[in-house]
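Asks: Just so you know, the protein sequences line up as chains P and C, in that order.
Under our numbering, the residues of the first sequence are numbered 1 to 337, in order.
Under our numbering, the residues of the second sequence are numbered 1 to 337, in order.
Rather than coming from a laboratory, the hints here were simulated on the basis of the structure.
Bear in mind that the values here come from a model prediction, so they are computed numbers and not experimental data.
Careful: at least some of the hints might be erroneous.
Intra- or inter-copy, both count: the list cannot distinguish identical chains.
As the list claims (entries may be wrong) - In silico DSS-like pairs for lysine-lysine, Cα to Cα no more than 27 Å straight-line:
#1 K302 x K50
#2 K3 x K337
#3 K303 x K270
#4 K50 x K303
#5 K50 x K194
#6 K27 x K70
#7 K303 x K70
#8 K303 x K194
#9 K270 x K27
#10 K194 x K302
#11 K3 x K27
#12 K27 x K303
#13 K27 x K50
#14 K270 x K50
There are 2 protein chains.
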Amino acid sequence: MTKRIGRATVAFQSPPSVLSFANIGGKFEGQGPLRQYFDELSEDSFFGEKTWEQGESAMQKRVFHNALTKAGLDSAQLDYILAGDLLNQCIGTSFGLRDSNVPFFGLYGACSTMGESLSLAAMLIDGGFASYAAALTSSHFCTAERQYRMPVPYGNQRTPTAQWTATAAGCTILGRDGPGPYITHATCGKIVDKGIADVNNMGAAMAPAAYSTLSTFFRETGTSPRDYDLILTGDLGELGHAIVLDFFRRDGLDLTGNYQDCGMLLYDRKNQDMHAGASGCGCSASVLNGYLLSGMRAGKWKKIVLAPTGALLSPTSSFQGESIPSICHAVCISAQK
Amino acid sequence: MTKRIGRATVAFQSPPSVLSFANIGGKFEGQGPLRQYFDELSEDSFFGEKTWEQGESAMQKRVFHNALTKAGLDSAQLDYILAGDLLNQCIGTSFGLRDSNVPFFGLYGACSTMGESLSLAAMLIDGGFASYAAALTSSHFCTAERQYRMPVPYGNQRTPTAQWTATAAGCTILGRDGPGPYITHATCGKIVDKGIADVNNMGAAMAPAAYSTLSTFFRETGTSPRDYDLILTGDLGELGHAIVLDFFRRDGLDLTGNYQDCGMLLYDRKNQDMHAGASGCGCSASVLNGYLLSGMRAGKWKKIVLAPTGALLSPTSSFQGESIPSICHAVCISAQK
């Protein structure tokens with residue numbers, strides 16, 4: 001029996017349930033419109049550690065333990081952790097989770113990691129390999145700036161299409177049974193590269209991947225965008241969001257009513273000068289594991305599609321003149337199994 | 001029904017079959033004792049490309065297409081690719097596979113990636129989510145040197161415990177049914193960090209992870225090392241191999257008869273000056289997808305445990321004084337289901 005309903009989409013036989021979720025943010029996330037949906041907010045960008053990288057690890061450690069506690073689970077009951085981050089060799093994750101003592105699969109999906117980790121966690125549970133699994137990721141403005149762009153103290157100018165890497169992390173604990181909401185479908189993205197090479201315009205680079213995965217998702221599930229209360233990409237920002245709207249408009253589909261982007265929700269677009277919006281693995285992770293999942297539990301939305309997008313470049317590939325390959329992993333989250 | 005037989009081990013209900021495998025190596029791999037087990041060997045360390053990073057991507061692209069051709073499959077029939085590499089943001093993989101047009105899950109397991117990708121590929125197949133999946137990874141001496149250590153032209157001196165990053169890649173195609181050998185079990189590693197901080201002694205840093213995963217594997221499968229024709233770690237090299245032997249000796253188990261390390265097999269330890277042996281994701285990937293799997297098909301070994309190890313550090317974490325977290329993912333590969 002295959003659970004595959006199309007080229008890239010699986011329908012879970014027993015949709016795994018969200019058992020708990022937790023998030024954490026930094027100073028600017030705490031000044032944004034979603035501040036009330038964070039479990040923890042820190043004015044200290046080091047999160048009590050000596051370096052920003054260690055601070056990012058501390059965020060992962062805290063959301064992991066917080067989510068586990070909320071689920072009423074001990075780490076010894078957790079079957080797998082699936083996690084990754086943006087840092088070289090994913091050190092935010094490996095150092096954040098090195099004391100967890102839980103079987104661990106490391107992922108690299110750039111800012112699509114929340115979608116990738118949820119998809120795989122749901123598959124491991126529905127496939128009979130796990131009862132409980134954690135999906136988590138993080139990003140940090142200061143670690144990302146000095147790795148991808150310029151050391152923060154340089155204060156270099158940002159272009160209008162640039163986005164602001166969220167200092168945030170989020171963790172979801174999934175289980176075989178539970179109160180919901182449930183992961184009902186997962187569409188695994190293909191790498192899409194339309195030749196965009198401007199590293200200050202990730203929205204344009206990633207929008208084709210989002211369109212590819214979302215249109216595949218709708219086609220293979222036999223649904224239309226109107227069947228969902230909310231369709232949410234990860235961190236395309238204003239420009240990427242507009243491009244996705246435009247792509248669907250060409251297909252005769254109007255997504256203006258129910259399509260949003262986590263990167264446009266995290267900060268106040270008037271009063272916080274974040275240019276095109278938020279980015280980073282922690283953007284969709286913190287929006288999901290706070291605003292979205294608490295909203296679903298409160299009945300605000302019954303059925304959503306979360307489609308985090310990732311840009312699979314490195315500074316080295318850009319220095320070598322390469323364009324930006326991107327990917328998008330979508331999951332359908334529903335109040336009903 | 002759970003397929004989980006212990007804290008970290010799953011037993012596949014319908015063990016996925018190896019359908020095909022392919023590998024590629026560089027100049028030094030072609031001068032080593034396993035030269036006859038490579039599909040392709042290149043004297044050109046650029047593999048026809050302009051940069052070493054693009055060369056590494058070319059290796060992944062070639063082994064992927066070669067393995068797919070050997071399996072008699074078209075990329076449109078392949079359900080998933082699971083892959084990653086050592087480079088920052090895994091660009092060896094994302095650029096190597098960007099034209100593949102196959103649903104893709106990116107992994108980061110450092111040099112354990114071959115074990116991680118095989119484990120997850122087997123789970124996706126046995127879980128009913130895929131009929132065919134590819135597991136692959138690569139490494140390249142020159143890309144690794146300039147990223148982790150010093151630009152190659154500096155010709156810096158290496159310590160006796162240092163290893164030589166293999167310029168190699170390997171790809172396995174798994175399918176639901178096939179001629180074997182079969183992936184029967186997978187033990188997912190936990191992150192282990194015993195405080196080793198010497199970046200020129202990866203063998204010592206990773207040996208505790210190998211011991212942790214292998215001893216878990218034996219305990220949870222209710223087997224002993226003597227039940228296997230070959231037990232093979234990924235790239236511990238001479239020192240790490242000796243440490244693992246010593247750890248098991250303390251448990252009263254003598255592994256000297258059937259325990260080897262891919263890092264000790266790839267190069268000629270007398271005539272090639274590779275110090276403690278080979279390392280890199282491509283080490284276990286190329287040894288598996290050549291020497292090992294062809295040997296199993298030829299009946300040389302009936303049942304093996306492959307346990308690639310990875311060091312989850314980055315230059316940044318080492319500069320910040322951190323020790324080296326490590327991981328090991330083991331799979332049991334058997335001629336019988």
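Asks: Now tell me, hint by hint, if it's right for this structure.
Replies: Quick rundown of the hints versus the structure:
| no. | hint | in the structure |
| --- | --- | --- |
| 1 | K302 x K50 | neither (42 Å within a copy, 51 Å between copies) |
| 2 | K3 x K337 | both (15 Å within a copy, 23 Å between copies) |
| 3 | K303 x K270 | neither (29 Å within a copy, 63 Å between copies) |
| 4 | K50 x K303 | neither (42 Å within a copy, 48 Å between copies) |
| 5 | K50 x K194 | between (40 Å within a copy, 21 Å between copies) |
| 6 | K27 x K70 | within (24 Å within a copy, 54 Å between copies) |
| 7 | K303 x K70 | within (23 Å within a copy, 43 Å between copies) |
| 8 | K303 x K194 | neither (31 Å within a copy, 45 Å between copies) |
| 9 | K270 x K27 | within (17 Å within a copy, 58 Å between copies) |
| 10 | K194 x K302 | neither (34 Å within a copy, 46 Å between copies) |
| 11 | K3 x K27 | neither (43 Å within a copy, 44 Å between copies) |
| 12 | K27 x K303 | neither (31 Å within a copy, 55 Å between copies) |
| 13 | K27 x K50 | within (17 Å within a copy, 43 Å between copies) |
| 14 | K270 x K50 | neither (33 Å within a copy, 45 Å between copies) |
Violated hints, listed in ascending order, are 1, 3, 4, 8, 10, 11, 12 and 14; each of the other numbered hints is respected by the structure.
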